[in-house]
Amino acid sequence: MKDHFSTFHPIVNFGYFAAILIFSMVFMHPVFQCIALVSAVVYSIMLKGRGAVRFNLLYMVPLLLLTAAMNPAFNHEGVTILFYLSNGNPITLESILFGAAAACMFVTIIIWFSCYNAVMTSDKFIYIFGKIWPALSLIFSMALRFVPRYLTQIRIISGAQKCIGRDVTQGNIWRRARNGIAIVSIMTTWALENAIETADSMKSRGYGLPNRSSFSIFRFDSRDMIVSAAMLGCMSVVLIGAAMGENTIRFFPSVKMIELTPFSVVVYGSYLMLCMMPVIITMVEEIKWKRIESRS
Amino acid sequence: MPDKQLTERHWSKRMLLASVLILLVIPATIMLGVFVLNDRKYYFISLLIVLYTMIPFALVFEKRKPQARELIVIAVMASIAVAGRAAFFMLPQFKPVVAIVIIAGVSLGAEAGFLVGAVAGFVSNFFFGQGPWTPWQMFCFGIIGYLAGILFHKGALGRRRLTLCLFGGLATFVIYGGIINIGSLLMFTSHFSWEALLATYASGFWFDMVHAIATVVFLFFLSRPMLEKLDRIKIKYGLIRAQD
Amino acid sequence: METYRIEELNFTFPLQESKTLSHINLTIQSGEFVAICGKSGSGKSTLLRQLKSILAPHGEPSGRILFCGQPLEEVDPRTQAAQIGFVLQNPDNQIVTDKVWHELAFGLENLGFDQRTIRLRVAEMASFFGIQSWFHRDVSELSGGQKQLLNLASIMAMHPAVLILDEPTSQLDPIAAAEFLAALTKINRELGTTIIMTEHRLEEVLPITDRLILMDEGAVLADAPPAQAGEALFRMQHPMSASMPSPMQIYAEVDGASASAYPVTVKEGRQWLNDFLSSRTAAPDTMAGDCPQLSSRTAAPDTAAGEPPQSSKQVAITFKDVWFKYDKHGPDVLKDLSLEIREGQFYCVVGGNGTGKTTALSLISGIRQPYRGKVLIGGKNPAKMKANELFINHLGVLPQNPQTLFVKKTVEQDLHDMLADTALSKEEKSAKVAAIVQFAELEHLLSMHPYDLSGGEQQRAALAKVLLLEPRILLLDEPTKGLDGFFKEKLAAFLKKLNDSGVTIVMISHDIEFCARHGEVCALFFDGGIIASDSAGRFFSGNSFYTTAANRMVRHVWSGGITIEDVIERCQTSS
Chain P
1337 MKDHFSTFHP
1347 IVNFGYFAAI
1357 LIFSMVFMHP
1367 VFQCIALVSA
1377 VVYSIMLKGR
1387 GAVRFNLLYM
1397 VPLLLLTAAM
1407 NPAFNHEGVT
1417 ILFYLSNGNP
1427 ITLESILFGA
1437 AAACMFVTII
1447 IWFSCYNAVM
1457 TSDKFIYIFG
1467 KIWPALSLIF
1477 SMALRFVPRY
1487 LTQIRIISGA
1497 QKCIGRDVTQ
1507 GNIWRRARNG
1517 IAIVSIMTTW
1527 ALENAIETAD
1537 SMKSRGYGLP
1547 NRSSFSIFRF
1557 DSRDMIVSAA
1567 MLGCMSVVLI
1577 GAAMGENTIR
1587 FFPSVKMIEL
1597 TPFSVVVYGS
1607 YLMLCMMPVI
1617 ITMVEEIKWK
1627 RIESRS
Chain Z
-17 MPDKQLTERH
-7 WSKRMLLASV
3 LILLVIPATI
13 MLGVFVLNDR
23 KYYFISLLIV
33 LYTMIPFALV
43 FEKRKPQARE
53 LIVIAVMASI
63 AVAGRAAFFM
73 LPQFKPVVAI
83 VIIAGVSLGA
93 EAGFLVGAVA
103 GFVSNFFFGQ
113 GPWTPWQMFC
123 FGIIGYLAGI
133 LFHKGALGRR
143 RLTLCLFGGL
153 ATFVIYGGII
163 NIGSLLMFTS
173 HFSWEALLAT
183 YASGFWFDMV
193 HAIATVVFLF
203 FLSRPMLEKL
213 DRIKIKYGLI
223 RAQD
Chain B
18 METYRIEELN
28 FTFPLQESKT
38 LSHINLTIQS
48 GEFVAICGKS
58 GSGKSTLLRQ
68 LKSILAPHGE
78 PSGRILFCGQ
88 PLEEVDPRTQ
98 AAQIGFVLQN
108 PDNQIVTDKV
118 WHELAFGLEN
128 LGFDQRTIRL
138 RVAEMASFFG
148 IQSWFHRDVS
158 ELSGGQKQLL
168 NLASIMAMHP
178 AVLILDEPTS
188 QLDPIAAAEF
198 LAALTKINRE
208 LGTTIIMTEH
218 RLEEVLPITD
228 RLILMDEGAV
238 LADAPPAQAG
248 EALFRMQHPM
258 SASMPSPMQI
268 YAEVDGASAS
278 AYPVTVKEGR
288 QWLNDFLSSR
298 TAAPDTMAGD
308 CPQLSSRTAA
318 PDTAAGEPPQ
328 SSKQVAITFK
338 DVWFKYDKHG
348 PDVLKDLSLE
358 IREGQFYCVV
368 GGNGTGKTTA
378 LSLISGIRQP
388 YRGKVLIGGK
398 NPAKMKANEL
408 FINHLGVLPQ
418 NPQTLFVKKT
428 VEQDLHDMLA
438 DTALSKEEKS
448 AKVAAIVQFA
458 ELEHLLSMHP
468 YDLSGGEQQR
478 AALAKVLLLE
488 PRILLLDEPT
498 KGLDGFFKEK
508 LAAFLKKLND
518 SGVTIVMISH
528 DIEFCARHGE
538 VCALFFDGGI
548 IASDSAGRFF
558 SGNSFYTTAA
568 NRMVRHVWSG
578 GITIEDVIER
588 CQTSS
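Keeping their order, the protein sequence lines are chains P, Z and B. Counting in the working numbering, the first sequence runs from 1337 upward without gaps. Counting in the working numbering, the second sequence runs from -17 upward without gaps. Counting in the working numbering, the third sequence runs from 18 upward without gaps.
Source of the hints: derived by calculation from the structure; they are not laboratory data. Small disclaimer: the values here were computed from a predicted structure and weren't measured. Keep in mind that a hint or two might mislead.
As the list claims (entries may be wrong) - Listed below are the simulated EDC-like cross-link pairs for lysine to aspartate or glutamate, each with C-alpha atoms no more than 20 Å apart in a straight line: (1) B:Lys498 <-> B:Asp190; (2) B:Lys342 <-> B:Glu360; (3) Z:Lys216 <-> P:Glu1533; (4) B:Lys507 <-> B:Asp517; (5) P:Lys1460 <-> P:Asp1339; (6) B:Lys505 <-> B:Glu495; (7) B:Lys203 <-> B:Glu221; (8) Z:Lys218 <-> B:Glu77; (9) Z:Lys216 <-> B:Asp469; (10) B:Lys425 <-> Z:Glu177; (11) B:Lys449 <-> B:Asp434; (12) B:Lys425 <-> Z:Glu210; (13) B:Lys507 <-> B:Asp528; (14) B:Lys426 <-> Z:Asp213; (15) P:Lys1460 <-> B:Glu158; (16) B:Lys337 <-> B:Glu360; (17) B:Lys505 <-> B:Glu537; (18) B:Lys391 <-> B:Asp438; (19) B:Lys36 <-> B:Asp233; (20) B:Lys513 <-> B:Glu487; (21) P:Lys1467 <-> Z:Glu44; (22) B:Lys426 <-> Z:Glu210; (23) Z:Lys218 <-> B:Asp469; (24) B:Lys397 <-> B:Asp338; (25) P:Lys1467 <-> B:Asp131; (26) B:Lys36 <-> B:Asp469; (27) B:Lys425 <-> B:Asp438; (28) B:Lys513 <-> B:Glu495; (29) B:Lys449 <-> B:Asp438; (30) P:Lys1460 <-> B:Asp155; (31) B:Lys446 <-> B:Asp431; (32) B:Lys446 <-> B:Glu487; (33) Z:Lys218 <-> P:Glu1533; (34) P:Lys1460 <-> P:Asp1557.
Between the sequences and the hints, there should be enough to build the whole structure, so can you do that?
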């Protein structure tokens, strides 16, 4: 399925991820954690298909278990003591629960970031920061261009060096290391000397003149407006909930949460809406297409 | 000397900004963390402080409208570091990034050293994936480049290979390893404890060790030729040294 | 209106005694298309850089440059940035950003245009140059030709009054170069932009320029429309006349004294030849006109063109039914390729881009292996040989970019570095280096940094490095790329010397003229295999399009004339 959320304006994309990452890191309440984890998994599978399923099962589940086990080993707070370790330290229910919650959060964040990497391509990032930090974002842009170029050049250089008998894959370790270092060294000279022409090209095209502007091919249209409004609405409800303590949980000394009220349900619903926003958008678009196709 | 005045003005601006940060913003962050965030306070406070330390560099750099050649040299050095990280993909932790950042700091000055490090940390995660570790990496690489600039660029320590290697090894092990481990620990525990920190360091010991050895090895072989190359570029093209 | 007026311009580089530019006086009218030619080091790049203040090198200039009637140094930087467009040699180095659309907008951003204006201009330029289909791509995915076109488009987006280009096509293959020059012609004709360019590809450039300026040792030698400028050069008997287009050279040698204009293109050359032959033959009715001569077309190719490639010498390189692809699901790059190269041959491989030439070369050097078939060097599989066995005293490879070989600070150290691993004594090493230095004429360059050498000198230094390993087979990938006529001849002389001493040479090239002149056996690569291979003479006389300009000019009368010398000889004896 093609993701439609990534076709929105970079600010919408970035705003979504910024909010979702911070919320996922702060809200330890089990309901919130579940919502975030499920949304992150669903979105990652939608973005990357079977690769994401494999990634989640192969790396995320073991990571989850390992992280969950880490906490009780070092954290001995909490009132419900389950048993004692051989060194005399107690293992408590609270610390196990906290370990599980922390692990869940950690995994959620990692999965959110994998979605972020797929949606926030470099040009979107440069667009956002080009306005605030033009020089640094230009450095990013240049570096993004240089890195693939240098990797190609490293291959070319090592080929050329191999053909004069300087092979990194043959000989003893000393010789290999020396040949490898020679490649890096040749690459550095080549990169620096050629970069001077790039600087000439920049100056020649007027870089450094005052009042530089910043161009982008992105347009903030009504679609972006609607989605931003929806996102802001959900965020406000969630934040109000946070202020009223709906989203927090206390682990130590004993586990304690605020009671479930109708308002809690509203906050949960808003959070679910927010997290699932990209999924919902994509589904709506798909349904629209299906309808258009079936009509014709 | 207009150059010198410029330099001093930057110093004072950065100092001002730094003092505002240290005296107002950082305490405010800590208060916010303690009173509002409860369990997540350690992670958030540390993350925000890491971000704050980077902002003054960005602001000062943008403010002084750097020339095309400065931008390019920073981009080139950062890209070499990233390409180097990618080229050594088959050896985990054995990466030249710190070595190249140190060389950049030594040759181009503390500010450029910081920027090369931070940019390398950031850009490499465009290729290997952004994650919660990105700001920590940017900060660690950056601060090592900055220190290298302060200590070696016209500093008391000169450019001897042995001192460079020693600095590189220590910086990688203590600064990089130290900070990254704290970062990953705070990521998923709520209560800071020395025990847990010690365990994290113990589990990361060999990774950090390999990383430090890699830095020493790369500095040993690369520092002299790369510094020569950078010097040549600076002389040949009248490159403006980044101010510090 | 004058775009530029240059009065008594002199320029000296710091720490140098002789002037790089001396007493230059030029006027360039608005809308003109001017080409500047001269060998490397004649000062043409320095002259071009004087025309834009921000690119002018450090040094001592004197004299005046007026841009649109105003002294150049008084024209403010913003106007200069927008009005004077500058395209440099290397397509890769000029690109700043990572996306095509961003690169197009880069100059406009610097000038501070608003979003709307930039959007419009970028769209216009993308349409004008046909960039729409790759507008959203990453720059790293583009071909060299596309990159240079992007550089041109991103400068044209700033609407310059004058476009200055410093050897813009020297790094491109012939097809991409032709496309680029066609774009320039279109700009000049449809937008009226003044164009000033330096170029080595005279055959393609002269027909499209209004004026040719010839430079030598920092001074202007001739400044006239191409035919007249060429004529002046031949009248002076200047060595640079050897790099003029073939029709001109043939005409000058055969009929130079006559009053008609010098032919510039193959078409004009043919017309002149027809007139020339009809005036000299007794029976004009059989020779006149452009009709192909059936008798000579069907006749066997000239036997003088060369011996058949089969000789009794030993086989040096064998390809036997070789198939190759880069990855499992990728397309076949080499398809059932078979060839034999014998010891002592000078073997040229010509063909378009992406036909598998360079891949075949990497198979010879053992960097890659075929998935079917065999590659053998002296009877052994190169991929299984140790690096020392294969590359010391056996196979030498000169890479396309000589810069990939330089490690040290000076040429001399670099040469010595090649022998660092050998067991020779210090004296033996020095003697070897000295011998190679003499051979490659590097004496005056020894203390210089390899990157401070010109393209041709870098190549010679790289060749010297490779020759220190005393190869018996030398592989060359596009050795004439970016070289001017003078350095090409020099390279040819070195290769000839090596070849005469028994070194087998395998060369990949786009440079048909060079292969025809110096190659022994030529092969045409197409679609992963060799379509035709024969001795150079027969090979080119058998082709009608993929052949030298001299041959295209005369092939309707004689099929055998390949090089300029052949044709001149035939003309002189044809009466």
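**Message:** Output the indices of the hints that this structure fails to meet, ascending.
**Reply:** 2, 10 and 18
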